[in-house]
Structure formats: structure tokens, C-alpha cells
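Chains as they are written, first to last, in numbering that gives the first Met the number 0: chain A, 0 to 494; chain B, 0 to 494; chain C, 0 to 494; chain D, 0 to 494.
Derived from the structure by calculation, the hints contain no laboratory data.
Note that the Cβ used here is the ideal one computed from N, Cα and C, for glycine as well.
Take the hints with a grain of salt, since some may be wrong.
Unchecked claim - On the chain A side, residues computed to face chain B include the following (Cβ under 8 Å): (1) R145; (2) R413; (3) Q455.
What the hints assert, rightly or not - Label pairs and their computed distance ranges (CB to CB): (4) C:G481 with B:G186: 55 to 63 Å; (5) B:D435 with C:S493: 52 to 60 Å; (6) D:G320 with C:E475: 48 to 56 Å; (7) B:G186 with D:D77: 55 to 63 Å; (8) C:G481 with B:P162: 38 to 46 Å; (9) A:E209 with B:E489: 27 to 35 Å; (10) A:G99 with D:D435: 52 to 60 Å; (11) D:T261 with C:S493: 20 to 28 Å.
Protein chains: 4
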Amino acid sequence: MTVTPTRAETTATTATGNGTSVDPDDVTIAYIGGGSRQWAPNLIQDLAQSPLDGEVRLYDTHHESAEQNARFGNWVQDQEGATADWQYEATETLEATLTGADVVIISTQYDPAETFVHDLDIPKEYGIYGAVAATIGPGGIFRAMRTIPQYREFAAAIREYCPDAWVFNYTNPVHFVTRALYDEYPGINALGLCHEVLGTRHRLARYAREELDMDAERSDVSVNVKGINHFTWVDEARCKGVDLWPVLEDLVESEHAHQEFTWDDLAEESVFTDNWQVTWELFRRFDVLPAAGDRHLIEYATWFMQGGQEGLNRWGVKRTGSDYRAKHWTPAESDQTTDVEAWLSGEKEFELTESNETFVDILLALAGEDTYVTNVNLPNVGQVEDLQSDAVVETNALIRAGEVRPVSAGGFPRPVRSLIRGHIDTIETVIEASRDGDLDAAFEGFLIDQQIRTLQTEDARELFAKLVVAEEEYLEDWDLEGSSVLAESEAYTSA
Amino acid sequence: MTVTPTRAETTATTATGNGTSVDPDDVTIAYIGGGSRQWAPNLIQDLAQSPLDGEVRLYDTHHESAEQNARFGNWVQDQEGATADWQYEATETLEATLTGADVVIISTQYDPAETFVHDLDIPKEYGIYGAVAATIGPGGIFRAMRTIPQYREFAAAIREYCPDAWVFNYTNPVHFVTRALYDEYPGINALGLCHEVLGTRHRLARYAREELDMDAERSDVSVNVKGINHFTWVDEARCKGVDLWPVLEDLVESEHAHQEFTWDDLAEESVFTDNWQVTWELFRRFDVLPAAGDRHLIEYATWFMQGGQEGLNRWGVKRTGSDYRAKHWTPAESDQTTDVEAWLSGEKEFELTESNETFVDILLALAGEDTYVTNVNLPNVGQVEDLQSDAVVETNALIRAGEVRPVSAGGFPRPVRSLIRGHIDTIETVIEASRDGDLDAAFEGFLIDQQIRTLQTEDARELFAKLVVAEEEYLEDWDLEGSSVLAESEAYTSA
Amino acid sequence: MTVTPTRAETTATTATGNGTSVDPDDVTIAYIGGGSRQWAPNLIQDLAQSPLDGEVRLYDTHHESAEQNARFGNWVQDQEGATADWQYEATETLEATLTGADVVIISTQYDPAETFVHDLDIPKEYGIYGAVAATIGPGGIFRAMRTIPQYREFAAAIREYCPDAWVFNYTNPVHFVTRALYDEYPGINALGLCHEVLGTRHRLARYAREELDMDAERSDVSVNVKGINHFTWVDEARCKGVDLWPVLEDLVESEHAHQEFTWDDLAEESVFTDNWQVTWELFRRFDVLPAAGDRHLIEYATWFMQGGQEGLNRWGVKRTGSDYRAKHWTPAESDQTTDVEAWLSGEKEFELTESNETFVDILLALAGEDTYVTNVNLPNVGQVEDLQSDAVVETNALIRAGEVRPVSAGGFPRPVRSLIRGHIDTIETVIEASRDGDLDAAFEGFLIDQQIRTLQTEDARELFAKLVVAEEEYLEDWDLEGSSVLAESEAYTSA
Amino acid sequence: MTVTPTRAETTATTATGNGTSVDPDDVTIAYIGGGSRQWAPNLIQDLAQSPLDGEVRLYDTHHESAEQNARFGNWVQDQEGATADWQYEATETLEATLTGADVVIISTQYDPAETFVHDLDIPKEYGIYGAVAATIGPGGIFRAMRTIPQYREFAAAIREYCPDAWVFNYTNPVHFVTRALYDEYPGINALGLCHEVLGTRHRLARYAREELDMDAERSDVSVNVKGINHFTWVDEARCKGVDLWPVLEDLVESEHAHQEFTWDDLAEESVFTDNWQVTWELFRRFDVLPAAGDRHLIEYATWFMQGGQEGLNRWGVKRTGSDYRAKHWTPAESDQTTDVEAWLSGEKEFELTESNETFVDILLALAGEDTYVTNVNLPNVGQVEDLQSDAVVETNALIRAGEVRPVSAGGFPRPVRSLIRGHIDTIETVIEASRDGDLDAAFEGFLIDQQIRTLQTEDARELFAKLVVAEEEYLEDWDLEGSSVLAESEAYTSA
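Just chain A, with the same shape it has in the complex (with noise of 0.2 Å):
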């Protein structure tokens, strides 16, 4: 018989961290994948507005783009607007760039976009027309598996360095990601954070303007959202405390959420524009409002997976094309605007705007100038009360002086639990095997996983396998050799 220590029977568990006071005229950011080229100028723009004053430590594998964004951060303390006092610097090494951090950002893009192609396209062979193929499914199974290892350096980092620092990472898979920097680091204070919720409170403000002619906007509406990151639900809704489930009631009937979508409907649409047709029919069906855009959400309930391509228009998503991905680094930077570049030499003309990030108002909540209260991903202690414990969820968390604390947000109607749980399952299942690199174990998550269900016994292992072999340079923390599942695979032994 083999006994292994309980949490609930041996530990007293707190659901926050004893993160590090934050002083708000004083604060030292060190941020991870600080070359980037859209976020961190919109980071540089709200720090600049803000009323904090402090130390950003740019730090990239792309050293270059790192130290462009400083020369920026620093040129913009200059512009008209600016009213906060921040200084940039380029870092080379993590000690460097962690030691004495109050705040990590964590954002970066390991592998180039070859894999992300991959990720969409071989799946594609099998019939699994992912939109995004980012999160979860064959593609975000991949795509954590590569990136997994590295945050398990961060998290190890930042034990060394900065064991109280706040910890805010960007990074997708969300789930998979932040869950394994606690899984590395278990007294680590980090939040997963995702702008999806946010896009839910945008419409639905929009349904009070329209509906009930109010005057609102993503602010004044609040929800209660509980779920993983991407499958979020909300099942409370209000704004400015009037309830908007009766105006949801009211939609879900109409014609508003009974349309049909052609590809010609969509050839010109953006691939981040939501039709919110599987959010309706959702809806509809489990009586809990989904909380993410239709391309995510079509992932994670995948029965609207199954009609193509074709039968991804109908409901309104287009897929992202792996040419798209192939141009572009991550979907953030689709509607780039910035040119830092430009602006430095004046050759683009510079004005200082805001981006909608939430990261400025954590932090002002966090110096104690708030109380803010916004959705985020953190280990479940209760606050989804059905859902695995330890796992990542999402849910709104209070944020306060030195203090991020998730609300309790109660459970699921069965079925949705059951969606959930089994996601849950194959998250949980990757991690475990990450520890070891066990390839095996990890094909045990990717065959259990709702996308790949749909494929027969050697089309999943072969479809593991090619991935495996055109991912091999960026699966070196995995052991492929040891592998019986791969030795099975002529794709793989062939390869």
C-alpha cells in the first residue's frame, strides 16, 4: 500500500501568496521576454501615465530588441504626457535581472513561429481543425510541452532571486504555464492573466447600451467567472448592479444568436473577430454564459470542431491560418501599432496613449492605491469549489495592498464540470510528466485530451509522433529515446 501525505491533512494553506510590498514610488520591475515589440511599448506607455515611479529591467533572449525597448522606455519619460519617473535598462542574465524584483512580467515566445505552424497544420492532416491550436488539443499540448521546461527555469529563478516578487505571467498556454511554475515553485506568487473575460464585460456592456439603454461601459459591468483559461463562464452578470441575465435570456432567443456564417461571410473579417455564435448556442444549451471568444472556446467544447472548416464558418469562427501564424508572432501583435523604431528616430510622428492592459491597475492595487478586483488565474484552493484542486483556475480575485486573494465562485452545472475536469485532467497530466521528462506519460494526457479522442488508436500515436519529429530541436528537456510510444511510431523510427 502505497500513502502519500494529503494537502487538506497536513498543511495549513493560505490562497495568496505574502508577496512583496509593493512601494509605488519605488518599484522594481524585471520583465522576462522584454524585447517584445507591442506589449512592452504599451507597458512603457501606461508605466509613463501612471502614478508610479521606479526600475524596469528589460530582459530577451533577443538582447537587441531588449535594449531598443530601453532606449524607448527612457526616451518616453521625455515626451508631453509623461508623468511618472521610470527608468529602462537591458539585462543580460536572470540573476542580473531578478535580484531584488518587486514585480516579474513574464511574456515570451520560445520557439519561432515554425512550430506554431506545425502545431496547426500537422493536426489539420488528421482532421482536427484547431482555430488557434494554442491552449490545448494536439497544438497546445505541443506548444506547453515546449514551454514548460523553460518556466520551470523561470520558477527556479525566481526562488533564487526574488522568492517574494509579484509574479504576472502572459505566456499560453495560461493554464499549463502558470501551473507549472507553481509546480516548480510552490511558494511562488504568480498570476496568469488573459484578456478574455475582459472581451466578455466589453460585450456585455454593450448589450446594456443596447438593450437597456443604459450607459456603460467593460468597467461597470461585473461578473462572476469561474472555469480554466479559455473555458471560462460566467454565471452572474451585472451593470451597475442592474442584472443582465433576463437581457441574455431575452438575445439567446432572438435572431441576434441564431445566425448561420459562410466563409464568404468571413473572408474579410479578422481572425479575432467573435461572432459569439458558440457562446450563444452554449448558452443555450448549459443555461452558464461562456467567457471567452468563440475560437477558444470551439477548443474546449469540441463538438463545433467537428464539421471543418466549413463547419467552423457556420458558427461563425475562421480559423487561424498558419500563414498567419507564420508572419506573426503571437495573435497580440496583429493589430501592431507601434514602431518604436520610428518613433525614436522621428520618422513616425509619437503620442503617448494607454493601452487597456490591467497590469497598471494590479499594481496600483497591489502599492495599496485600490482595491481592484479582476479576473485571474491561480491555483484552485476553493474558489471553484468542483473543480480539481491545485489546478489552475480562473476566477475574479480581490487585489489589494500587498495581497491578491481569489473570489469564491461556487460550481458547474454537471455537464460543464465534466468538460472542465477532463481539460483539467490532461493539463495535469502534462505537468506530472514534465517533472521527468516522461514522454509516455505525456501521450497518456495527449490521448485523453477531447480534440485527439476523435482520432483511432495509431492515428493519435502517429500524430504524435510527427509532431515529435518536426518539434524535436525544441523537445530537448523530453526523453525521446526512453520512449516506447515514439519506438512504436514508424513516423517517429522512420523520421
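Mind docking chains B, C and D on chain A? Use the hints.
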């Protein structure tokens, strides 16, 4: 906030019922479905050779069949080898059948073979190649939907007429049906019984003979078994105390466990032939051994179904043809050798034989003649620690005088647990829906079924509607008119 | 086998109610117990200075007191400093009081002071020196037994007349009483409120001033709080973001935390004086900080009660004398400064003052004017992960427009958890017993109470019987005649 | 935030070990504590009459006693009635004893009788009148603190020398000690064994004879048993299938169950006499039947201890005097009839007798000769659904060839569950403290013990310190110097 009491906080539960004490010299057995052409004659012969005496009441909607079995039962008492003393009578009401009964056997087939043909053929139109289509998946769910209401009636009648009786349910889908009995009458002492695990022990005895040169038969093999009916798993197996795991670990790597089959290989085989290739593949993957026929396993580990007829055949599984179903009522009758009429008329010579059924063994144990251990289906009170409470699970049980008590079987590796928990969610959703005949709620269970999740949204709804249309006359307890799912489906509205 | 459904498997729960939307310009408040001489005048003054307008209905078994408060309420509108517009009315039925109410305040005292004297004095005969004797232990249990039936009536009336109203319960024992409201009407939106944790934050602000030289008041101090009412604990505390733990760890080792008291030291002090010596000792022992007055804590950490009067005094606790109780209705009235009659008659000069109550702050937040965080008592839906589900626990809650939602507070070190779970078992046993008025079942809760476990078997029964005899007229909802415990007790049978 | 993995999410567990297969013709038994004067000679005689053959290695810190038992063991083989073939040998190291063993018996007494005297007498000074003082309460905890470190060594040696052996622990406190074995070596196949439940079945057989006129002995009585060692409960009992509950319900109302005793009544009785008055009172109160001697029960249902010596006597319990302890090593030796020396020398006539021990029955079952059901102590993997996971609980187990598996026993009425969970919290706290020898952490377990909670704070600390002072030399694995509890106690600092 809606708060309902949880069991653990409000009720002391015991792991078995407080059943009737069974007097070996005077057992009253009520047999619902007692007109059976195969199982009843077998039982009659088993009882005739047992050390038990008593009375059997045969109840059947086909009263004549029950009468014929009663004649046969009384006639058998006078045949050579019959040592016990049993009286048989055909009854016409549940009241007359159940009043004062110590033991109730339920083994019925409510609806005609035609419905089974639909269960197999309509899903096949949608690419769902169930091998049996009778316990999970679209066919299994519809069989459950037709059967559950009737079993609620049986449970209510048992509560009224013989509340402490021991109830043996042999009707499929065993997990749905046994659960319905408990859902209707929580105090019932019901066991769900099935042969599949016995088959695994039989097979393991063969391996002990062949690989270890032991003198072994089924009763020499003990296993630790757990799961749900038809998706049960073994993680320890011994023959006379000798650990069989090393044998299995050798075999799974051998040619024996790497056979591929074609239709031609299977053409002459019975649909019940079990080639164990699905079993070996699952064992290879998850390190626990499935303990049900391959034809059942593929319906729960649904990736084996994704290659259509050919894919099933490749793994050695021959699909139950609907033509077969049209001819035979139940699988058990496939090898039918009984011909009661011919025996009674003397046309065919009669020789008393013993079946392999465990019923008499269990009865003897309940009567205090022995301690008996066998696999049974019971509500989960902890015997499978990581499956849902109260779901009907299958494990070994200890059976002694007046007592049936599940044996603690531990838990599962996460991926296997994930699959099983998912199936339980389907079952529990349908059971809950059946309380009020809420068809849309049942559709939620249908939609999350692991076979059906290969369909796109519209197809799942259409398949559901077509099955309703085809089997409407056997679904009279369900609220078809109030169903918005049906209202949305042209397949129904135009029918 | 008796199987009842568990919540987690059958119901989706949300962590708060779907309460009425509160319009700040038109709030209807129903006040049960509205004849109060202290709390009502305070509330009237707080409302007069708030940005809210509306109507208050005062209901009381002493109708005249309610009428006087109504006169006072209407009169206050015209006094200097009153900026809001409120109408007051004394009502005579629950129907008239509750119909259409947005908010219900419940703060009552059912039975006369005499019963409190019994609660203190009779247990004292058995060596049980409760300091308050009003929330746990023999006195607390009997107070609960007298109060619960009445609150079941209130809950039923709320379900009928204003099912979505926000219900504020101020009546002790808060955990028992709030639980009874939910037990009777699971859909109620009730909060249990209490001052103790506010007192702790007040004290922590003092330490921040004294030890850290900060400019600090109660509202600057944030804590992570959890437990049950009057036995709440803090495991994180900050003042304006600054971690107070190091301060506490210093103080606990200092002389400040090692004071001993005698009766003489306490003679002149109010019974409400809190010397924090019990608090320090518990902190020293378990590394988490209790957050309730020492006079309450000793009744839950019962070893502090084992030295009688002297033992209490040594720890700085002054017992509430029963003579005190006989004079005053409720503890809150001890420092009574209100004299409505004198104000109305002009005998005493009136000056509008503000109380420290959080009621108006909560109301403002519910009306969407603010985001407010304070400690409240709510059924456990995961906010304290290792306490019993559904028990009423105390943690912080996030309060926003139309929404009250507990904040995840984590769990406990095992020894503290053990104490709390034990008290919850007493509470839940009595609540369950109260459903049918089963006195013997209530005695089981009494017997396992941690104060009473110091009595031998016969004495526990006798104490129970004596309390029944003394308070019989207020226990009319309990089945005294059917009680075998009473039948066994000479104290009852001879009474 | 600190997150540790929970068992249910990360590990598949099985409910028993994968123990050594036992060959009935060649069993190697390692007996730690094999110098025992009573239990060893009994075992030797039982083995001599069994159908098993093999070898026994006797290991004892008193090597001479082991040698004498070895001589006796080899001598017995030649006596009349001895049919089996066993070789005995006294060993001098754990390595020599354990290497290759199939079965390990552990039954030791580490520290001299003097410590037991302290365990009884020092608490008595504080009004704690333990009847046995050896399994819970101050005496039990200190006995555990002295014993656990040694058993960690045994567990480590077993892991090294015979990792798959079946380990039988007979040493008290059985729950603490068996838990320590698993805590040190989670893969151990250890059972904790005890006679108390056998005594209950013996008593129930007597009632079956007396009240039902049945021909009954212990083995005819089956019970559903659950709880922790010495605080086990029965909620179903049958004799040859006949429900004994009606008999118990009659008896509990009779004079038989309402006896009162005085010292004079008990003066001549053995301390082991069991008058069942505590048992009846608990049954009367909670409707489940305790299944341990009254002298043990009172230490867990501590209200029976609150009347001092007289109070114990009134309930028919005679306290184990410390004078008794000073003379005898273990309770089991009270009726000692063995005199190995006299037998060997021929001074006393020897007649082979059989003990009532279950050891040989269990061994036969493990060797595949039988299916055996008896009560054993094992980590909780669901067999008692509402007690803490992994705590060592006592239920029936099914024992077959190579297999010991707990039987699902269900849960408890809330008040009984509350008492047991409280005791488990004490046990688990001490076990956890013992990992690092953290004395202050152990004191937390001491402080929440249900016997000790009758002491005031200072007295609890003083009692703890006095016990440490008295038994210091047997506590060498604990960190006395680092203990702040001791540093605060004059009883220690001045000693």
C-alpha cells in the same frame, strides 16, 4: 445562494443494506422477467442442485412464458440429480410477486428487438460504430432512457411489498439501471451483476496454466477490480497467491498482444469472441488491465471506434450486427441451448446441468453457508476512492450471512480516472433528468457522451431527434412536447 | 444501503445569492427587532447622513418601542446635519414589514434577560465558567435552541414576502442563527454580521501606530480572516500594504504579551475590556492570530476556562456577571448613550453622530457606490477549504453592486482546524435536531460541546435537564415529552 | 501561496500492498520482540499445530529471552500434538532477522515499566484518571512519543531487508505506531492488530446464546466495524445471519444495561473485566455500538473520566493501578500461564494448547488456504468514508492469498464522527511532529487531546513538562533544547 446538505455532513451511511436474513430451507424468490427462455431455465437447474429449498414466483409481461417456466421448474424437481425442493408459480401482479419475497431477480427486456436495431443503426449513420450499443453512447443512453422509468416502478413496488429483500439486477445498462433503483428507493438492497469480470478471471486462469504451468481455473484467480460496469479495471491479479503481473507484463510485449485482424479473420467468429487486443493496448498504455470484453471496452475508450467497421476489426472486435439483434433478444441467448418445451414433451432428452452463474453462490453466502467474494455493482461509499460518491461502481464485494459489503479497491491513474469520471457524468446527468422526464436535461448527458462528442453540434441534435422519433412509443415517460431540443430539430418537427 | 445525493454531484452552486438590485434613491428596509433602544437609533443617524434615501419599516414584538423609534427616525430628518431623506413607520405584521423589502435587518432578543441569567448561572454550578455564555457551550446552545425556531419563521416569511431581499442578521449566536436561516430557506441572501474582527483590525492599527510609527486607523488594516463567528483567525495582516506579521512576532515575545491579571486589576474594568492575553497565548501556540475578543475565544479554546473565575482573570478576562445580564438586555447596550425619549422631548440636546457600524458601507456597496471588503458570515462554498461544506463560516467578502461573495481564505494548521471543526459539529447537530424539535438529538450536540465535555455523563444530562426546566417556556418548539434524556433525569422528572 | 499536490489528483492508490506471496510449506517469520514471555510461547504452540511449516527468527533487545524462546520453539516440535515443522533461531541484528522474511511480527516494549507508571501517575495529579493510559491522552501520547522513533527504524530496516514482507504490528498505541510505520515507509505492507473487536464479537455470541437461544460462538458473529483502534464502533451485527440489533435494542433498555458499580463491587475483579456499562450508555446515546473494552472507551469518550476514580467505578471500570504496571510489563501478561523455563526443565507438565489469536488464521489466508475476514488497522483509502484519508483506521479486512484489503464500512453519525476525527487530529499532529522531533509541534497535539482539554493552559504545559522530565531518557529523538514550551515551564527549567 442555494445550499443543500451534503451527505457526509448529515447522514451516517453504511456500506450495505440491512437486508432480509435468508433461511436456506425456505427462500422466497421473486423473478421479474421470469419468462426468460435462457436465464430462467438455467437458474431452475442451478437451484435444483443447490442445498437450498424454497419457492420461486415468475412474473413476466409474457405471462405464458412465465407459466411454461413454472411448469418446467416443478417438473425438474423430479428429474435425476435434482436434490433440492423448489416450488414454482407464475404470478400476474407485482404485488403477488413481491410480497414477502426474500430475494428479487430482475432481468427484463422491456422493448422489442426493433429498438436495439435503431440503437445500432441510427448512430451508424453518423459514423458511430458501437459494437454493442447497449450500455453507453447513443444506443446505451436511449436504452437507459427507455428502461429507467420502468425500473423506478420496480423500485417503488419493492419499497412497498418487500423493502428488505435482496435485489439482483441483471438488466443492462447495469450502471444506469442499478443507479435508477437506488435513486428511486435509496434504502433498497440491490446489486447489479455482470459476467465480464468473471471472463477476465477465466482468461487469467488460462494464462496461469499456459505461462506458469499451474493447475488453475477461474475460482483460483483473485483480482482487485474497480470501475464502472463494462469499464472495469484490475490492478492486482493472483492465481493461488502467485502474482500474475509479471506474466501480463511479459505477454503485453509479445506477439500475442500485437495481433491485427481483418474482417476475413473474424467472419466465422461469434460476436462474443474476445481477442483481447483492445485489452492489451489499454494495458500497454495505462499499466492497469481492463476487465471487460473488448467489444464493451471500445465503447468507453472511444478512440478504438474511430476507424469504423475496419478499425474495429483490426483490433479483433466484430460488431454486433443489427440483423443479429433483430433475431435475438439478448446477447445471453446467443448460444441458447435450452429448449424447455422439447424437454417437457420428451422430444429432447433432458440432463441436469450447471451454469456458470454466481447467483446460487451469492445466495448461499447470504444464507450463511459460505464467505463469497465476487464483483458487484453498488453505489460508491468509498470503495473506489476517487470516483464520484453515490455513482454505481463495480468492485469486489464480501458476501456473508445477511451482508454484502464492497471491498476497498483504491483509485486510478489520472487518465483512466478521467475517462471513467466522464462516463459517470453522462450517467448521472441522465438519471437526474429522468426524475422529471426532462428530455433537454437528458440531451446534456447525450452531448457530453464520449462517443457523441465526435459529432458536430447540429448532428448531435439531429441524431438525438431521430432516435426519439424512431423509439417514441417507448419513451412515454419523457416530456417530448416541452423539449426545446426537439423543437429545434427538423428531424423531429417534420416527423 | 441508504444513499442521498451529495451537493457536489448534483447541483451547481454559486457563491452568493441573486439578490435584489438596490436603488440608492429608493431603498426599502425592513427592520425586525426595530424597537431596539441602541442599535436602531444608531442606524437612524447613520442613514440620515448617508447618500441613500428610502423607507424603513420597524417591526417589534414591543410595538411601542418600534413606534417611538419611528417617531425618532422621522424627527431626525429635520435635524442639523441630516442630508438624506428617509421615512419611518412602525409595522404590526411580518407581511406588512417584509413585502417588497430590498433589505431586511434582523436583530432581536426573543426571550427575557432571565434566560441569560440561567445560561450563565446554571452551568457555573457545574464548574463551567463561560465569560459570555451566549454563543457556544451550554448557554450558547440553549440560546440557539430558543432562537432557531423563531428564525425559521423569519426565513419562511422572507421566502414568501421578499425572497430576493438582502438579509442582515445581527442576532447571536450568529453562526447558529445564520445557519438556521439558510437551513429553512436555502435560497435566502443572508449575511451574518459581527464586530469582533473589526476590533482586531482596530487593535492592529494601534500596533502599526505604536510599533511602526505609521499613521493608521482600522480601515488601513487588511487581514485574511477565517473561521467561525467568535472563533475567527487571521493569518495575514497588513497596514497600507506593510506586513504586520514581524510586529506581531516581536510583540508576542515581549512583556506586553505576558501579562497576568488578578480580580483586583480588573475590578474597575468593563466586561468588554479586551486585554488580548488569550489572543497572544493562542498566537504563540499555533502561529495564527485569533480575531475575536478574549472573552469569546476562551469559550472556544476551552482550556482557558478550566481555572474558574480566577483562571479567567489571570488571562485578563472578566466574566459577564449574571447580575449584569439581569440589568441589561444585550451586551451592545452596555455603554448605552442613546436616549431617544429625552432627545425627542428636548430634555437632552441632540447631536447627530456616526456609529462604527458597517451596515451603511455594505448598503452603499450593494447599491453600486463602492467596492467594499469586510468580514461576513456565510455558508461555506469553498472559502475555507478545510472546514465543513455548508456550515456558516466567517471570512472576508467582496461586496459590489448587487453582489456579496466570500473571498477564498485557505485553510488552517491541523490543531486549530480540529477545534473549529469540533464546534461546527456541535452547531450542525443542533441545527439538524431543530428541524423536528428532536431534543435527544440536540443533546448529542450538547454532549460533544467542548465546554461540556469536562462534565461526567450524569452531570451533563443533569445540567441539560436543569436548563430545560429553567427555560421550558421558551422551548415550546422542542419535543420535551418524547425525550428519553429528560425522562432519565431526575432534575426534570421531579421538577 | 504554497501548493502541495493532493493524493487524489496525482497518484493511483491501491487499497492494499503487493505483499510477498506466502508459501505454506516454507514461511520465514521475523519476530521483533521475540523474547516475549507470553505472546511468543503462545505463537510457538499455535504454529506447532498449524498446517504451516517454516522458520522463525526471534529478535529481542533481551537476547537471552529470545534464545530461551528459540529453545522452547524447537523443543515444542517434539511434543505430543505438534504436527508442523518449524525451526527457531535467536538473531542478533535487524539485518539477520529481516533479510528474506515473508512475515514480520512486531511486538515490543521499548521502555521499562517505570515509564508506564509515570504515564498513569503524573496525569492523575492533574485529575486525569486514565484507565489504561497507554493509547491516547497524556499517557498514550507520551508512550507514542517514546515508541514512534523506534518504529521508524523498524520501518526503514524493513524497506531495506524485506520490503514486500507482511508486517504484523501488535504494539500499542496501535494507531500511532502503525501510522508511523506507513509514514516512514509508505510502501510497507503493515497491519495493526488488536483483540478488542474480537471481544465484542465474543460478547455478542453470548447474547445470541442467552437471548435467542442460539448455538453461537465468536466466529458465528459478524459485525460491520469501523473507527480507530480502541474506539471502534459497530453498526450492524449478525449471528449466523440473524440480525442482533433488536436484541441490543431490548438489552439497552433493560436492567442489565443500567447497572451501577462501586469500588467494593470491583475490588476482587481483574482490571480487564468488562462490565459494558460504558458501552451501553454510548449505544443508548448514539445508536451505534462501541466495540472495545470499557476501559479503553472512557479514554476516548472522555466524559466518563470526569468523576475520578469513583466515577470510573460507577460505570464498572477499574483503573489499571500503577502498582500493577510496575509489576507487569504488558496487559496481555496479566493472566500469564506460560512458564517456558519450567516446561523445558520438566518442572511443570506441558500440554500443547491453542490461543485465541488470529495470527495463524491470517497467515493461512495469506497462504491461500482460506478466505478470512477480521478487523485490522490500515491507512484509510476510503474504507471509512468520512474519516481523514491516510489516518490508520480499523475496519474488517478481506484476507486471501497474497492480499489484505479493507472492507468498505461507511460512515458515522455526526457526533461520533466528531469525536473520532478529533482523536485522529491528535494522532496526526504527533506523527507529523515526530518527523523532525519537533517537541513544540507535539505539544499542539497534546493540547488538543480530549483528555487534556480539561486542564487550564498553565497546567497542560506543566503536565507536559513533568512527563518530559520523568521520561527524558526515553525521548532522545526529540528536540528538547529547542522547545519553547519547555523553556516556558518551570517544571522543566528547574528540573
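Which of the numbered hints are not met once you compare them with the structure shown? 1, 4, 8, 10
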